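**Q** Make the complex out of the two chains shown on their own, each in a separate frame, by following the hints.
Protein chains in written order, with the numbering used here: chain A, 14 to 258; chain B, 301 to 512.
Be a bit skeptical, because a hint or two may be false.
Unchecked claim - Which bits of chain B does chain A cover? Going by a derived footprint, with three or more residues having C-beta under 8 Å, they are: (1) 410-418; (2) 428-441.
Claimed, not checked - So these bits of chain A aren't anywhere near chain B, every CB distance computed over 12 Å: (3) Thr-39; (4) Ser-54; (5) Arg-67; (6) Ala-75; (7) Leu-104; (8) Phe-105; (9) Ala-126; (10) Glu-129; (11) Thr-188; (12) Ser-191; (13) Arg-219; (14) Asp-228; (15) Pro-238.
It is worth saying that the hints were derived from the structure and are not from the lab.
As the structure is a computational prediction, the values presented were derived from the model and not from experiment.
We treat Cβ as the ideally placed atom computed from N, Cα and C, and that holds for glycine.
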Amino acid sequence: MTPAVAFENVTKRFPGASAPALDHVTLSIDPGELVCVLGTSGGGKTTLVKCINRLCEPDEGAVRVHGEDVRGADPVELRRRIGYVIQQSGLFPHMTVARNIACVPSILKWDRARIEERVDELLRLVHLEPDEFRDRYPAQLSGGQQQRVGLARGLAAKPDLMLLDEPFGAVDAITRKSLQDELLRIHAESGGTFIFVTHDVAEARRLATKVLVMDGGRVQQYGSPDELREHPATPFVAELFGEDA
Amino acid sequence: METVDYLISHADLFAEATLEHAGLVLVTLAIAIVVAAAITLACLRSRRAGALAVELLGAFYSIPSIALFALLIPLTGLGSTSAVIVMVAYCQFILVRNALEGLQGVSPAILEASRGMGMSEMQTMLRVRLPLAAPAIVAGIRMAAISCTGIATVAATINAGGLGAVLFSGLRTLNVPKIVGGTLCCALLALGIDALLRLVERRLTAHTRARS
Chain A
14 MTPAVAFENV
24 TKRFPGASAP
34 ALDHVTLSID
44 PGELVCVLGT
54 SGGGKTTLVK
64 CINRLCEPDE
74 GAVRVHGEDV
84 RGADPVELRR
94 RIGYVIQQSG
104 LFPHMTVARN
114 IACVPSILKW
124 DRARIEERVD
134 ELLRLVHLEP
144 DEFRDRYPAQ
154 LSGGQQQRVG
164 LARGLAAKPD
174 LMLLDEPFGA
184 VDAITRKSLQ
194 DELLRIHAES
204 GGTFIFVTHD
214 VAEARRLATK
224 VLVMDGGRVQ
234 QYGSPDELRE
244 HPATPFVAEL
254 FGEDA
Chain B
301 METVDYLISH
311 ADLFAEATLE
321 HAGLVLVTLA
331 IAIVVAAAIT
341 LACLRSRRAG
351 ALAVELLGAF
361 YSIPSIALFA
371 LLIPLTGLGS
381 TSAVIVMVAY
391 CQFILVRNAL
401 EGLQGVSPAI
411 LEASRGMGMS
421 EMQTMLRVRL
431 PLAAPAIVAG
441 IRMAAISCTG
451 IATVAATINA
461 GGLGAVLFSG
471 LRTLNVPKIV
481 GGTLCCALLA
491 LGIDALLRLV
501 ERRLTAHTRA
511 RS
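Isolated chain B (complex conformation) (with noise of 0.2 Å):
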């Protein structure tokens, strides 16, 4: 009882923060979304590129956050910059192998097909390929949006404010309700954004439901 009038109470405190956060999650996906393009087209055209650069962003995923949130304190400061930047470079991992994954899983003789019936490169990846791949691309970038919302509350103590921030403040000061409600938020957040990506995923797989 006592979490819920806390929450009610506070309840400008926790929509302020969570919509804070939902703004880090959000630039930090366009923007990933951007560079995992550039990087997966880049390496589209040959297997072994694109299994390296896997490779190597692998790599980059496994060092923990908040020791790349303070090797880039010198560097961009204190604040949401550092924290979108380091949250793109977590991001590609997760983006650059789905999307690989998913365009150069394409069958060879549906590419074949398209080229054969006259579709330019640019017409076969518009309207073939990149369709066939976005049930890859999306479920990458569901997972993405995930992971964000989880590193973004940890980017607090960089100063990137969000949900963290409010988690942080509830530790040092031992206010439980405040945790629990940080939690609540920051969950919710988590599901609403992969409810809104799953819809759109759903969209995109029709023709996997039809069945006669």
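Same shape as in the complex, but just chain A (with noise of 0.2 Å):
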């Protein structure tokens, strides 16, 4: 089986940084897992995530999306094919919400009935009701309702691989609680590979089929939940992880 995204050796270091973000970094994540990416700030998640849509270059080794060297791909078609949610939404504040979530679509020159038709679609899949949301503007939404739109449009052309960097980092702990029960339904009935980085043990635990920690620029371990917590690999996910963490 062809990896949904492969890391092969890949390092990249930041100008004036004393430590590289990625240290040498070889990972296989199989196509239709949920993973979270977990580990303090600084640790490397987000510049991980970044290579993949390459919004960042590594300086050294391959990243893969399906078998593909993305070094190879035009990056602005690569991303087309890759739904990105980030923090704090990112939502276009001039624009509506409707106008949001068929950005992709409405790049890709899909039809007018056909994005309309997805946008309605999209809003009842993050329960937001379409006649009251779609001609909101981001301000007019409370914190949980823009990173539900803000999901709504990394999914809106039916990307087989979504990024999403700590989308729910900024909402209170009900509010959450409930965006991960879209999440992990959408990813259910998606059946595609999302990547998810998060800096909350209990977000992980919860949400991963796998989970990947990284500390200092290196993977310290990669696998499921229960692995971890049984048999980690090195103190610090034991630390992070451990029965009585």
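**A** What follows is the structure, given as structure tokens:
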């Protein structure tokens, strides 16, 4: 089976930083997984994700998406095939909810009727009533509603790979739980591969089929939540994921 | 009363001068916007280049217009060409400063979202950066329009016509109604152009007034 995403000995150094952000990362993610990338801030989580859609270019090594080396792909083309959801939602404040969600379909030149149909379908998917929310601006939404729209926008063109960079970082605990439920349901229904960055261990435990623990730019361990709890590979993982943590 | 009578009996003169004045301002604005767009795009990639451009244009802006008009006479002669050149140059400070502030002020998170979703540079510019910077850009155009309306009166000293010609002729002959009439027309023209641009501005900023 071709991995959905593979890292082959990937290293990334940022100018002026003492340690590399990614240090010889080798990793293979199977299609259909919901991978939670866990670690302290500055541990390389976001850099790892950005190397997949080429917002960040590695200094060494190769990244493959569905077997294809991303360096051979046109970055703009590549990103349109990968859903991207970021912290604080990154919604465009000058566009309505419908236009935000329609962003990728409209640059892919879907016809209007299909876009409208997809927007309503996605709004229902994230539990926002289309008639009520379609024409609102992001400033007219609560934080949780903004994240729902951000999620819908990432899913718009039915990507089989989704990158989510701490999408629920800025919402309260109750909203966060309901967003997590939505995410689990959407992941199960779509059958796609989701890579989800978080610094919240409880969130990773709840969501992940696989957990990737990063520290100091290195992969500490990659495995199911149970494996990590029962057989932590490094003291860092044990501390983060151990029985008593 | 004397002034009102004069205004009515010389309505043709004032109307013609106002139109000529408006023409000067609009031609200047049209050229100035194109030039400012080019300068802005050239400086957009580096904050340092942008700061330097604004600095230079600001220094230029502080030279009195009448001195610049005089400087240009040997090159482009008397008339509206010289006037338009000087006014275009003056507008650059306001236009470029506002456009750069607007475009560079778009939050990096939003730019990254648009890149991450697969927008090309051009799409990011047209669909995200420009609309978000539009309020600042239009505010710059409004200010430039008002300041041009004023500077254009001084341009009458080099035969560019317009309301300045009416004002200076009024001054020479100590014709108070003519001076008052010319001033009034000038103020009304500035207000008119401003109101028009304010409408554009309101349309472009609909989202900032949307609140639940």
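**Q** None of the hints should be skipped; say for each whether it holds.
**A** Okay, the hints, checked on the actual structure:
no.	hint	result
1	410-418	holds (count 8)
2	428-441	holds (count 3)
3	Thr-39	holds, 24 Å
4	Ser-54	holds, 16 Å
5	Arg-67	violated, 9 Å
6	Ala-75	holds, 20 Å
7	Leu-104	violated, 8 Å
8	Phe-105	violated, 6 Å
9	Ala-126	holds, 21 Å
10	Glu-129	holds, 18 Å
11	Thr-188	holds, 17 Å
12	Ser-191	holds, 20 Å
13	Arg-219	holds, 25 Å
14	Asp-228	holds, 24 Å
15	Pro-238	holds, 28 Å
Of the numbered hints listed earlier, those contradicted by the structure are 5, 7, 8.
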